[in-house]
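Enquirer: These are the residues of each chain, in order.
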Amino acid sequence: MAQRILICDDAIFMRTMIADILTGAGYEVVGEAESGLQAVERYKTLKPDLVTMDIVMPDMGGIDAVRAIVAIDPDAKILMCSAMGQQQLVVEAVQAGAKDFVVKPFQPARVLEAVQRVLAG
Amino acid sequence: MTDPRRARYVALFAAESRSLLAGGRRTLAAWFDAPEERAPAEELFRVLHTIKGMAASLAFEPLVAAVHDAEEELATVRRGERVPDRPWMVALERTLDDLALRCERAVAGEDATAPAEAAASRGAARDTVVRVDLDRLDALLEDLGSLLTARQELERHAAADGFSPVARSAVAMSRRLDALQDRILDVRLAPLAEVFERLPPLVRDLARQLGKDVTVDVTGEELEVDRTILGLLPEPILHLLRNAIDHGIETPEIRKANGKRPAGRIAVQARRERDSVVVELSDDGRGVDVDAVAARARALGILDEDAELGTDGLLGVLARPGFSTAASVTEVSGRGVGLDAVVARLQSVGASVGLTTVAGKGTVFTIRLPTRLGIVRTLVAAIGDERYVMPLTHVGELVPWEPEQAQQEGGRSVIEVRGELVPVLDLRRLLLFRGAPPPRRRPAVIFEAQGVRIALLADQVHGQVDAVIQPIDRPKGMPRWITGATVLGDGRPALMLDLASVV
Numbered sequence: 001m002a003q004r005i006l007i008c009d010d011a012i013f014m015r016t017m018i019a020d021i022l023t024g025a026g027y028e029v030v031g032e033a034e035s036g037l038q039a040v041e042r043y044k045t046l047k048p049d050l051v052t053m054d055i056v057m058p059d060m061g062g063i064d065a066v067r068a069i070v071a072i073d074p075d076a077k078i079l080m081c082s083a084m085g086q087q088q089l090v091v092e093a094v095q096a097g098a099k100d101f102v103v104k105p106f107q108p109a110r111v112l113e114a115v116q117r118v119l120a121g
Numbered sequence: 001m002t003d004p005r006r007a008r009y010v011a012l013f014a015a016e017s018r019s020l021l022a023g024g025r026r027t028l029a030a031w032f033d034a035p036e037e038r039a040p041a042e043e044l045f046r047v048l049h050t051i052k053g054m055a056a057s058l059a060f061e062p063l064v065a066a067v068h069d070a071e072e073e074l075a076t077v078r079r080g081e082r083v084p085d086r087p088w089m090v091a092l093e094r095t096l097d098d099l100a101l102r103c104e105r106a107v108a109g110e111d112a113t114a115p116a117e118a119a120a121s122r123g124a125a126r127d128t129v130v131r132v133d134l135d136r137l138d139a140l141l142e143d144l145g146s147l148l149t150a151r152q153e154l155e156r157h158a159a160a161d162g163f164s165p166v167a168r169s170a171v172a173m174s175r176r177l178d179a180l181q182d183r184i185l186d187v188r189l190a191p192l193a194e195v196f197e198r199l200p201p202l203v204r205d206l207a208r209q210l211g212k213d214v215t216v217d218v219t220g221e222e223l224e225v226d227r228t229i230l231g232l233l234p235e236p237i238l239h240l241l242r243n244a245i246d247h248g249i250e251t252p253e254i255r256k257a258n259g260k261r262p263a264g265r266i267a268v269q270a271r272r273e274r275d276s277v278v279v280e281l282s283d284d285g286r287g288v289d290v291d292a293v294a295a296r297a298r299a300l301g302i303l304d305e306d307a308e309l310g311t312d313g314l315l316g317v318l319a320r321p322g323f324s325t326a327a328s329v330t331e332v333s334g335r336g337v338g339l340d341a342v343v344a345r346l347q348s349v350g351a352s353v354g355l356t357t358v359a360g361k362g363t364v365f366t367i368r369l370p371t372r373l374g375i376v377r378t379l380v381a382a383i384g385d386e387r388y389v390m391p392l393t394h395v396g397e398l399v400p401w402e403p404e405q406a407q408q409e410g411g412r413s414v415i416e417v418r419g420e421l422v423p424v425l426d427l428r429r430l431l432l433f434r435g436a437p438p439p440r441r442r443p444a445v446i447f448e449a450q451g452v453r454i455a456l457l458a459d460q461v462h463g464q465v466d467a468v469i470q471p472i473d474r475p476k477g478m479p480r481w482i483t484g485a486t487v488l489g490d491g492r493p494a495l496m497l498d499l500a501s502v503v
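Chains as they are written, first to last, in my numbering: chain A, 1 to 121; chain F, 1 to 503.
What the hints contain is simulated information worked out from the structure, not anything from laboratory work.
Heads up, the beta-carbon is just placed ideally off N, CA and C, and yes, glycines get one too.
Where hints are given, some of them may not hold.
Here are a few chain A residues that sit away from chain F, every Cβ distance over 12 Å (derived from the structure) [as the list claims (entries may be wrong)]: (1) Glu-28; (2) Ile-55; (3) Met-84.
The calculated label-pair distances, taken between Cβ atoms and stated as ranges, are [claimed, not checked]: (4) Glu-273(F) to Glu-113(A): 51 to 57 Å; (5) Gly-211(F) to Ile-72(A): 55 to 61 Å; (6) Ala-150(F) to Glu-28(A): 49 to 55 Å; (7) Gln-107(A) to Gly-109(F): 19 to 25 Å; (8) Arg-136(F) to Gln-88(A): 51 to 57 Å.
So that you can see chain F by itself, here it is in the shape it has in the complex (with noise of 0.2 Å):
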């Protein structure tokens, strides 16, 4: 077909078949409570009516052909030849689940088989959707991060003279700038759908692996997030989907007998919250079992004997590395292994990750996610030839320091800072530097985060940047509180360093 329109109807495809499905599903998902009901039979009958006659229209025939062949499975209760059971709904689950793969399958082999058509129609109509190389986005958010910094250098030149004419070109590229820079963080948006449509026969997988029965609802797929921050979330969310599937949801034959409906559910739901994306994973299992969590941190010492362990303490005692390992924690604490790993990496592209649960009840998981990739004001600090920079917002001030400076309390070095002593952690020490030694004189960054006040000593200090900061893969033993890499204008690396969690 030659029709330039083509691509055009080829995107709207993409797009209704996947709400539609997702509708779908979620119609579903209600029909299994209300098994009697004969408008779900209806709607489901509409999605997929729909989606034929799409298919037909561009010609998808083995996606007609299934399509058909689900709407006359559907017929027979629409006829009244058949009472939907339970086994006959989870089938037709799996077909909506089939039909959504070979909808994404019809679209990617257009893909593939579109380029002498396209360049034959090129010219002739442009096409209002194109694939861009991610290597080619992030190059140009590189780019970005770069005209920031050298922003700055500009700015500082300029704000020498307010009225001379340097001054007024760089107000003009600045405004362009930050137009700029919220063209291409949006150029790099993409629909939650691309993870969230593959959860639901994951998780029916997940459940019968392991002898469960459950339905899964998701919603909020159509919301949109920075391509680098939607691919670190498969991996946390089909971690903590297993656990609540192994640990979170009991066995029909408990939950029957503590008043449960015998199919446990699961919600995986987005929604927006002003300039984040919130996803909750929900399960309506056992919850977590608090006391027994606390009883532990107490014997492993990371609790206080008297000390209570409420919601807020819960994921943090959970979430420590090694703690949640334990087989017997998992065994009693409704909750599985790991949790430190998924809370890290969540945390390296700027989420935060909250737990609440209710006993008997079930968990609820709220991971708060930035919808653009961070620019994050930071100061550059360097040890030796290498760099690191650290977010502002916990920076309260810098002091000069000498070795004469130390004091000594209670076995730890300190420093006087406006009449207050506060500790000192030397940046070369936390990072195992080997290199040159010290300059005598150096700076210490005086930061607050979670109440306390550290000051930190580094080599030198070489001012503020506007960072774009990249998540990390984290080797092996990589530090926790190193959560990101940013390159700096003259080109090099550095590392980000989260203040907050060093303390």
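Isolated chain A, as found in the complex (with noise of 0.2 Å):
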């Protein structure tokens, strides 16, 4: 069965984009959010496989989602979507708790890998 996916971020652009380069390798996406707290809510009902997450968002920071999904469960897998220039707060998230970060612009071999890479992990 196709490993299902939550991607979280505030651009339906972006939301787009990393859809297209997911379901193009066989996921399924399985849900979207576009702020932080629907991130929580979204992952408490579908219980993904993996969650890509965006840093920058409304609401509740992508950062703080990160915290709120891994006290709910430590397994989690969240893959953070960085900008240029953010390593701090990349950093940051990493200690929340995220497995493993992307940067934006996205290219697809980059985001796939990294996608294999957390659901082998």
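These two chains come separately, so use the hints to put the complex back together.
Expert: Have a look at this one:
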């Protein structure tokens, strides 16, 4: 069965792009969230195999969302999506419990590598 | 890039960057009133950051650099290195305007460079968004109008025997035609954003030229109206905004003295109401001086000496041709010139205009727009070879008229209709028609508008048609009650008479 992924990003543009990359490689996108709060809610109901998490989002940012999700499920597999120049935030996210990160703009091969790595880990 | 999905990403970018920047402008407008807040800085950062991410994904490099610079500027406030003051916010406002322009340019540039790639990818994937020449859309609408006219002919023949195969086919076709009409009108819809997004920079430029301090707030730009209606909007809206800034908003000194915040506020807000989109242009300036307008109207004999001028009648007086051109009125009324042209232009597409004003508090113009171009049930009348259509809503009945029936009452020609004397207007005279003489026996169209019944004499009446009314560019001197044009089923043009304005 295809592995189930939840995409969290406040831009439809980004969610569409990630979804295209992931579904193209045979993954199933089970849900999308456009804020940190929504991401936590969706995580509870959908129990995805992996979450892609944007850092800058309204309501609750990606890093706080990582903390909240890891508090619910310590084994949660979360892949951070960061922009250039956000190294500090990425370190913070990894300390909060994120497993890996990719940098925007997305290169499909890089994204898929990271997804495989996190799912295998 | 030969990714066939790119066109879809670009379309998403166009829509999302537009809505993000609109939201950013709202955030900034509110921030002006509460500069000590820090949440707006975070929100604006998120807006810029999201746009940068999208732009980078599409390799819009110059745009990425511009957004990055804006982000850095905002970061000085986020890091606490700078206290945001008004000039800094005004500069940020300009930056947002500039970024909006850059986003549009990036998208437009995509279209210019895309054809080769699009051709290459055609067949591989279908683009979900296509661009269509407006002329072709208009042609489609004209065909639709002719089809609707042809349908009426068909329905008339079919009515002779409601159970005949022809009648059944007519009903089936009629339903399809209704659906087709909806679809064609839908395709023509375009978002108000195409007009609204240019307003904030224009308002700020105008305000600067006129020495005023103004913030502007725009909402509802996602609502859609017909392209033709949209195309007519910029001019009247700009005119009203200019008036509001020039004559409505006071100078910062006067505002302070009156206990108002020094910067005037102008809002352009659109909302949907049933089949219409309502655009409200409001300012918190000094309002229209109703007494001054009334005094001027009495002096000109437009208003009876003892009559009061209520808010209802105010626009009617202000929008009278020539009235508002008087500089003296502009000075004292708090409203500028040329309102008559604005109102006429909006009415030509079936829009209505309202005005409310409170002395010292401000003025609101309410423009109610039809979202779709009008398809109006009309009566076709002829004068000589010329054809005219008039909306059936006002038409009561048709009666035959002969010169012998004409009676005079108080120096006016009247006709007796069902025991009541009704004034007669000759369409020939109204239109200054100088062709062949009229037939002896003529039809009189009895219509009622604004509580008045009038008999309008035509040469002939050619029945009813559902007409697609197109707005017209009115040459100087064209009567204001000619409000549009249509093409009849036989391909002949006809002008639309607005009976309510004839009164």
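Enquirer: For each hint, tell me whether it holds in the structure or not.
Expert: Structure-based check of each hint:
{"no.": "1", "hint": "Glu-28", "result": "holds, 19 Å"}
{"no.": "2", "hint": "Ile-55", "result": "violated, 9 Å"}
{"no.": "3", "hint": "Met-84", "result": "violated, 8 Å"}
{"no.": "4", "hint": "Glu-273(F) to Glu-113(A): 51 to 57 Å", "result": "holds, 53 Å"}
{"no.": "5", "hint": "Gly-211(F) to Ile-72(A): 55 to 61 Å", "result": "holds, 59 Å"}
{"no.": "6", "hint": "Ala-150(F) to Glu-28(A): 49 to 55 Å", "result": "holds, 52 Å"}
{"no.": "7", "hint": "Gln-107(A) to Gly-109(F): 19 to 25 Å", "result": "holds, 23 Å"}
{"no.": "8", "hint": "Arg-136(F) to Gln-88(A): 51 to 57 Å", "result": "holds, 54 Å"}
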